[in-house]
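Novice: Chain by chain, the residues run as shown.
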Amino acid sequence: MSETHAQTVPFVRDTMLPPADPPIKEAGAVRWLRQNLFSGPLNTILTILGVLIVWFVASHFWDWFSHSVWNADSLADCRRIIAETWGEGARGACWAVIRERWNQYVFGFYPVELYWRPTMTFGLLFVALAPVLFSESAGIRRIVLVLTTVLTLWLMATLGAPAAWLVFAAVVLVGAILISERHVAWLLVFSVLYPLMGVWFLWGGSAWGPIMVLAGPVLGWIAWRLLGRVSALVATVAALVVPLVWWIVFAGDASRDAQGIVSLAIPAVDSDRFGGFLLSITIGVAGIVMSLPLGIVLALARRSDMFLVKTLAVIFIEFIRGVPLIALLFVASLLLNYFLPPGTTFDIILRVIIMVTLFSAAYMAEVIRGGLAALPKGQYEAADALGLDYWKAQRLIVLPQALKISIPGIVSTFIGMFKDTTLVTFVGLYDPLKSMSDAVRASTSWKGIYWEPYIFVGFIFFLICFGMSRYSMYLERRLARDHR
Amino acid sequence: MTDVMVSANPPFRPSMLIHDRRYRSMTFQVIVFILVMALAWWLVNNTVRNLAAMGKDFDFGFLWQRAGYDIPQTPIPYTSDDTHLRAAFVGLLNTLIVSILGCIAATVVGIIAGVARLSNNWLIARLMTVYVEAFRNVPLLLWILIVFAIFTEVMPPPNAFRGDDPAASMILFDHVALTNRYTAIPTLAMTNDPGSLDLGARITFNWATIAFVVVLVAGWIVRRMIAAWAQRVQDRTGVRPTTWWMSLGVMTVPSLLLIWYFGLHMIPPQLRGFNFTGGLNVQNGLVALWLALTLYTGAFIAEIVRAGILAVSRGQSEAAFALGLRPGRTMNLVILPQALRVIIPPLISQYLNLTKNSSLAIAVGYMDIKGTLGGTTLNQTGRELESILLMMGVYLVLSLIISTGMNIFNASVKLKER
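Protein chains in written order, with the numbering used here: chain A, -3 to 480; chain B, 385 to 802.
For reference, chain A alone in the conformation it holds in the complex:
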C-alpha cells in the first residue's frame, strides 16, 4: 500500500537545497549592531545617550584640538597664529607651551649642563629593575634593555654628557645586556647598589658619602662572620649594631677624610633645583622601593603572636591610615624640626620620601595582610610540619604565595602613591602638576594658559599609572600557577 502510494507522489527532492544566506538582520555588522547596541528599548535609549555624550565631547574638543599650535613663543603669539590660520574667533590648543617648557617640566630647575645625569639615572633604573620585573621572559627583557641602552646613550649624547660618563653608561648598559643573557640573577647586585648610585648621580657631591653608607652593611657582615664562631647571638647583635654605630659615629668623618685624600666628586645639585617629573619619579621610585619591604614587615608584625609587636603594628598602621597624606607632609616640613635634636637639618626631599614611604607602607601592610589571610591554613601547617622555623617558613612558603595573591592591591598602592607625589606642591616642592604649571603661568608670555599644561601632565601620569596596572595584570597571568 505504501509502495503504491509512494509512486503517486509527483515530486521527490533528490538534491540538497543550497544553504540560503542568513537573514540580513542576523549577519555581519547589522547583527553586531542589533546585539550590542539595539537589543531592546532600554539599550537603544542608552546607545542614543552614549552617542550624544560622545558627540558632545567630540564637538567641543575636536575644533580646539585640531587647531593645535606647536610653534610659538607666547600665548599671544599662539592666538595670533590660530586667528591667522583658522580665521578670527577660532579656538585652538597651544601645545607650544609644552614644547617651550619641556625641560622645565621634565627636569625642574636642574642645571641645564647636567641634564644628562638624571637621564642616565633613569636609564640605569631599567637595568636595576630588569632582574626584578622582567625575570620571567627573556624576550621582553631583551627588548627593554636594548631599547633602554639605545635611548639612554642617544639622549646622553644629545644632552652633552662628558665622554667618560658616556663610556661608563655604555659599559654598564651593554654589560647588563650580556650578563642578563647568561645569569639574570647577577644583575641583582646592580639592583642593590643602584639606590646609592642613583642618589649620587642625582644630587652629586662626593662619592664617598654613598660609599661610606654602603660600608655599614659590609662591616656588619664582616662582624657577623667573625663573631659567628663565638656565638650566634653576639654575631646577630653585632651585625645590627656595627652598621648603626658606623653610620652615626664614623661615616661622616670617614667620607670627609676620604674626600680629602682622593677626590671623587661631581658637581653637587641642591634639592631646591629638583622639580617636575624628575621630582615625582624620584619620590615615587624611592617610596615604592622602600614601602614594599616595610609593608611586609608591618603585615607580619600585625599577624604576630606577640602581643606588644602586634599592638604597635596596629597603632602605627591605623594612625597612618587615619590621617591624610597632606597632614603627614606638613609634619615632615614643619614638625620634624621639633622632633629631631636641636640644630639638625636635613633635606626636604628626603623628609618627604620618608613620609610618603611610611604612608604607603601602612596601606601596603593592609594589602599584604589580606594576602596572608587568604592563604589556606594548610600552608602554614605544612611549613610547621616540615620543621621550618618562622623566617624560613615565611620566606619559602608563605610570602611567595601571599605576595602573589596581593599583586593587584600592591600595584594599586604603588599607583596611588605615585599619584600622591603631586601633593608635595603643598610643602613648597615643584611638582609637575600644580607648582610647575603655576610657575609657567607666572611668566608674562604664558599668563592665562590652563588646559594645555594640565592635559599634558595628566597624560604623562596616565601613561605611567596605566602602564603599571597593565604590568600587574601581565604579572598575575605570568605567575598564575593554578590549573586552568
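Hints in this document: simulated from the structure, not taken from any laboratory. We treat Cβ as the ideally placed atom computed from N, Cα and C, and that holds for glycine. Hints are supplied without guarantee of correctness; some may be wrong.
As the list claims (entries may be wrong) - Pair ranges (Cβ atoms, derived):
1) B:F705 / A:I20: 39 to 47 Å
2) A:G444 / B:R656: 26 to 34 Å
3) A:T340 / B:I555: 54 to 62 Å
4) B:S697 / A:L48: 30 to 38 Å
5) A:L346 / B:T467: 33 to 41 Å
6) A:A264 / B:V432: 28 to 36 Å
7) A:D266 / B:V797: 51 to 59 Å
8) B:V428 / A:V310: 40 to 48 Å
9) A:W182 / B:I418: 50 to 58 Å
10) A:R474 / B:T467: 57 to 65 Å
11) B:I555 / A:G444: 47 to 55 Å
12) B:S697 / A:I20: 32 to 40 Å
13) B:S697 / A:G24: 27 to 35 Å
14) A:S227 / B:P395: 15 to 23 Å
Since the structure of chain A is provided, determine the placement of chain B on it from the hints.
Specialist: Just chain B now, kept in the frame of chain A:
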C-alpha cells in the same frame, strides 16, 4: 627500653631566653618595648628642648584667642571676632559637608558606572571603561584643579546674566546659575516657621529640620515593622501581603504633611544688580572639590561594584528564578546580600579615602579644617605643633567614626557563619 629522661621543666638558664621558643618571644618583646620607650623619650626630649630653645611652650590656649580672619562659607554663624576654636569647628563642619555630600554622590555615580560597565551595550560599557580608567590613573589634584579652572575660567561672570538678551542663562528651569565666582542655587524657606532650637554658642537647629529627621527615622522604623509583619503573615499562611503601598505611604505621607504644614517652598536665586540674591551662593571651591571628589571616588566605587556583581555567580539568580522568586525579590533576597558582602569592606575604605582627600580643599581655597586650623590659624599663631597634632587627632577621630559605623553595617550584611 631506652630511658632517656627528658625533664618536663628543665632548670631555667639565661641562655633559654634566646634559644627556648617559650621565652624567646618574651625576650624579644621586652627589647622592642625598651627600644620604643627609648625612641618616644628621645622624641619628647628633643621636642621639649627645641621648644625651650625657640622660647615656645606647648599650650592650646591660643584656641581661645580672637581668630581675626574671615571664612567665606560658614555653616554656623562666624565672624572674624570669634575664637580660633570656633574657626576650627567651622572648618571641621566644612570638611564634613564636602565629605558627606561627596560620599553620597560618589556612591550614586559609582553604582551607575559600575553597573553600566557590565552592560550588554557595547558603547556604554566602553564609555564607562574610559571614565573609570581616566579617573583612576590620574592624580585627584589634577581633576580638582581642572574642575576649578572650568568654573573660574569658562563660566560667565554674574553680570553676564543681566539684560534682556543676556550672554548667559540659568540652568535647571532658571533655578541654578553657574558663575565664575559662585554657584547660585535655590534655598528653602517656610511660611510657617516654627523657630529654632538654641544649643548655645550661636548654634541653632530649626525645629522643622528636627521634625523631618524624626519623621523620616520613624517612617523607616515603621517600614521595617511592616516588612516583619508581612514576613510573619507569609510564614503563617504562605501568602505574602502586598505591602509596597504601605511602605511608600509611611515613608512619604508624613513628610508631605510636614511640607504642607510648614509651607516649605524653594526660593530661586534672583539677579539683583551685579549679584544673585535670594538663593544660596555656593562658593566654587566647594562645588569644584565636591565634583572632583565625586567623579574620582566614583570611578573607584564603580570598580568595587563591578567586582561585587561579578562575584555573585549566575547560578544564584537562576536558582532564585527556578524557585519562583520574582526579579525584585531575587535582587533583594539573593543577589544583593551576596554582592554587598563583597562590596562593603572596600567601600568603607573609599569613604575614608574621600574624607581624607577632602583635605585637598587647600588647592581651591575652600576653608576646611586643613584650611582653618592647619592653615590660617597655624600661620597666624605660629603654633605648628599644637595645630597639626590637633588636626591629625580630628582626622583620626573622623576616620574611626566612619570605619566603626560602616563596620557595624558590614557586620549586619556579613555571612552569618556558625
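Novice: If you check each hint against the structure, which ones fail?
Specialist: 1, 8, 9, 11
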